[in-house]
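A.B. asks: Residue numbers (the numbering used here), protein chains in the order written: chain A, 1 to 315; chain B, 1 to 305; chain C, 1 to 255.
Be aware that a few hints might be false.
Partial selection, computed: residues in chain C whose CB lies under 7 Å from chain A [stated by the list, open to error]:
id, residue
1, Phe15
2, Gly17
3, Ala74
4, Ser78
5, Leu80
6, Gly81
7, Arg84
8, Leu92
9, Ala107
10, Ser112
11, Tyr114
12, Asn118
13, Gly123
14, Tyr222
To list a few chain C residues with every Cβ distance to chain A over 12 Å, as calculated [claimed, not checked]:
id, residue
15, His23
16, Gly31
17, Ala65
18, Arg71
19, Leu93
20, Ala102
21, Glu109
22, Ala119
23, Glu122
24, Val188
25, Arg235
Covered stretches of chain A, going by a simulated chain C footprint (3 or more residues, C-beta under 8 Å) [said to hold, decoys possible]:
id, region
26, 18-24
27, 190-196
28, 247-253
The set of hints was computed from the structure by calculation and includes no laboratory data. Idealized CB from N, CA, C, for every residue including glycine.
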Amino acid sequence: MKAFVNASNAVAALVVAALLLLPAYSALTGNVFVLTLVTRIVILALAAASLNLIMGYGGMVSFGHAAYLGIGGYAVGILAQEGFGSGFLQFPAALLASAIYALVIGALSLRTRGVYFIMITLAFAQMAYYVASGLARYGGDDGLTIYKRSDFAGLFNLSNRVQFYYLCLTCLLATIWLIWRIVNSRFGLVVQGLRSNEQRMQAIGFPARRYRLACFVIAGTMCGLAGALLANNTDFVSPAVMYWTRSGDLMVMVILGGMGSLFGPVVGAVVYLVLEELLSEVTEYWALIMGPLLLLIVLFGRGGIMGLLGRLSRG
Amino acid sequence: MLLVVEQILNGLQFGLLLFLLAAGLTLVFGIMDFVNLAHGSLYMMGAYFAATFVAWTGSFVLGAVLALAATLLLGIVLEYTALRHLYGRDHLDHVLATFGLILFFNEAVRLIWGPAGLALPLPSWLAFPVQILPGIHYPAYRLAIIVVALVVALLLYLGVMRTRIGMLIRAGASNREMIGALGINIKLLYTLVFGLGAALAGLAGLMQAPILTVQIGMGENILILAFVIIVIGGIGSIRGAFLAAIFVGLIDTLGRAFLPNLLRQILSSAAAATAAPALSSMLIYLLMAIVLVVRPEGLFPAARR
Amino acid sequence: MAEPLLRVQNLVRRFGGIIATDHVSLEVTRGELHAIIGPNGAGKTTLISQLTGHLVPHSGSIYLAGRDITRLPAYRRSALGLARSFQITSLLLDFTAADNVALAAQAHEGHSFYFFGNARKEGGLRRTAHAALGRVGLIERADTLVSKLSHGEQRELELAVALATRPQLLLLDEPMAGLGVTESARMVKLLRELRKEVTIVLVEHDMEAVFALADRISVLVYGRVIASGSPSEIRSNDEVRRAYLGDQHVVVRHG
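The shape of chain A in the complex, shown without the other chains (with noise of 0.2 Å):
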């Protein structure tokens, strides 16, 4: 049994706490940017984690993650342009579309292994993405706008930026605290019993795909909910959002905190952002810099930085 106090927990502390207090730390400078910048890492912390759980727990490569913050926010965008605002259909909706896309493509693609599961999740999200950029109706290429946040009648107003913040917070922690629980579950042995080794739980009795298009639906739908947030937070929903790349920002997120680390992904996402707001506001030319740093990190950093913290505090 690991100890409880040791490096990566009291970062993992510090980071909960210190998002905590943060709408405070804003009251007091008057600084609203910051709060703007939070709410956007909290909400792609929660993208991040959900693909924790397939990617860390699970040995599931899925490169085609930010589909689902698209589909999300479409969810969201769509009901809002035809007159549906309330959040209470549009949260829901969002998540049901999710946990549908990631059905079909899991039983599709789960078909398939290593690389080749990669690439075939990377296409399906390209696909997303232009069936998004082929529908005029809700702004194609030019993405569409939400005149109104999603309305939650009298529970909370997603339009005041520290109760939206709060929102996002408990989502973010509550998705943790449920990962936590899955991991350790039944359910969540068995999927990381198949990403230590397939052949050997076939052998004992697991039929593997099952479990393993289950764990993708359950982090399909938490990706959902991140993008109904983010939909809401920018106020706009574009195919941009499930461009590629952004599946890859993901990834990083994922691999830079540590994957099948419980708070890996946030402290990737924060990091990950943070750096990416910092040095463009150093150079225009951050993506320079930001190509060969993820190569340096794949060919020196294992485990990320929790694994490293783990390995500090072991000494």
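Given chain A's structure and the hints, the job is docking chains B and C onto it.
C.D. replies: Leaving out everything else, chains B and C in the frame of chain A:
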């Protein structure tokens, strides 16, 4: 009738272009087990080099040859300095590292050539229609693309099937350890194969430049198609890539050309207008989905793992 | 005559031009320990893989307790009581020994679509796991990561995992591979105890163990069964001698 023949030729031309791209990708993956997302960047560099060299030298052919050489060199340098350290690693590592390279290339191009993209004019000696059948004309340049691509495909086939190097390549695609045991200089072989792949990508990029585009990010869109092709054709199989590429090229082109009309017969014109572009884009992915359901290892897999 | 527990009929499996399993037929009666021996490359592991469902035969059939399982996937055969240990150790390396065994037990307790509750704390599964580990003598190593176990301990763990599924038929693919003298002796003793409770098909190279344990032996050469019978019959069979045992009198009976 005219339209159908023209679209079939367009599909063939597009498919052959895709084949050039997919061939390099499948070779590199089949032999070095290396997933190269930056293959699309090499395609882009081929186009940018061509646009630049043609403008400098004033000659299309000279510019194209220089561009090919430059892309080949770029591929070799890339393999030698960075990518060879990734062989044997997890595919996820390959994906991430080459993803980083894409970001780097796109940004580097933006720095050097600016964000607007370049233009590569059609060479004047190919800018006329050719009568291929009575009453049917087709642009000479596009015909040239088809011819060049077919010649390259033939050379690849002969090279892989009839030469010693080709034998090593085929052996390597099905059994990597074996060629090492034969005492061949593996590192050199790998570098050569990667260079070949880069040259093929560059050729595809420069050939399509006068008719399509030379801009940042052009590699990514077509890369996905190349991956779909090698999934359908079977990884490591040049023959599979050829057949799948032609098939995909034809389906995509014919689909985009005729599906809207077809839909208009069945649905209302408003519904057809909304559905048509979306469905046309989806066609290839539907095809890939069908292949996956029926034969997950591809239609002509090269290796028995 | 009672239906044999395992009946293999004319099984054929090719790999390209090579015929790895050449019309193999054999029968294993309930309660016996049936050994399959043969030189390297004879197709023993290919045969086992077809029996467990990891490889599909091109023709022929396999019956388990009278039921045709030829095309059933591996996980379904496990549910029917077929358990296997692998020639090349195949365990969940980043889990503990107890986890590995508990998962095997979990696989046989209905479905695993339970998303809450800590599976590692489930009393029933843990008790079954500890019992199986106790049988093979690994109880002290229950909470050790498999990657940290010695090769011999891993082979024993393979056996524990197979036992946790409460099988009718145990297919053991070279359980002694890579074991030292003491470990081999321990494994032989263990197998001798196990044969009283479960039918065993044993693929092995270790001739001392084979002749010490087996009720019947089948000899596989180039994918064909060239002889099948009691140990003494096999020992005196000329064809077997020539093909496999050579002219050396290599076999000494173990007590």
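A.B. asks: For each hint, tell me whether it holds in the structure or not.
C.D. replies: Hint check:
1. Phe15: Constraint on phenylalanine 15 (chain C) not satisfied, violated at 18 Å.
2. Gly17: violated (26 Å)
3. Ala74: holds (4 Å)
4. Ser78: holds (3 Å)
5. Leu80: At about 9 Å, which exceeds the 7 Å cut-off, the nearest Cβ of chain A leaves the hint on leucine 80 (chain C) violated.
6. Gly81: violated (10 Å)
7. Arg84: holds (5 Å)
8. Leu92: holds (4 Å)
9. Ala107: Where the cut-off is 7 Å and the nearest Cβ of chain A is about 4 Å from alanine 107 (chain C), the hint holds.
10. Ser112: OK, holds: serine 112 (chain C) within 7 Å of chain A, min 4 Å.
11. Tyr114: holds (4 Å)
12. Asn118: holds (5 Å)
13. Gly123: At about 13 Å, which exceeds the 7 Å cut-off, the nearest Cβ of chain A leaves the hint on glycine 123 (chain C) violated.
14. Tyr222: violated (26 Å)
15. His23: holds (26 Å)
16. Gly31: holds (23 Å)
17. Ala65: Since the minimum Cβ distance to chain A is about 17 Å, alanine 65 (chain C) lies beyond 12 Å and the statement holds.
18. Arg71: Per Cβ check, arginine 71 (chain C) is outside 12 Å of chain A; nearest 15 Å; holds.
19. Leu93: Violated, since 6 Å does not exceed 12 Å.
20. Ala102: The assertion about alanine 102 (chain C) is violated, with a minimum of 8 Å to chain A.
21. Glu109: Violated, since 9 Å does not exceed 12 Å.
22. Ala119: violated (4 Å)
23. Glu122: violated (8 Å)
24. Val188: holds (24 Å)
25. Arg235: Label holds. Min Cβ-Cβ 33 Å, cutoff 12 Å.
26. 18-24: violated (count 0)
27. 190-196: holds (count 4)
28. 247-253: Violated - the region 247-253 of chain A has 0 residues with a Cβ nearer than 8 Å to chain C, which falls short of three.
In summary, the numbered hints that this structure violates are 1, 2, 5, 6, 13, 14, 19, 20, 21, 22, 23, 26 and 28.
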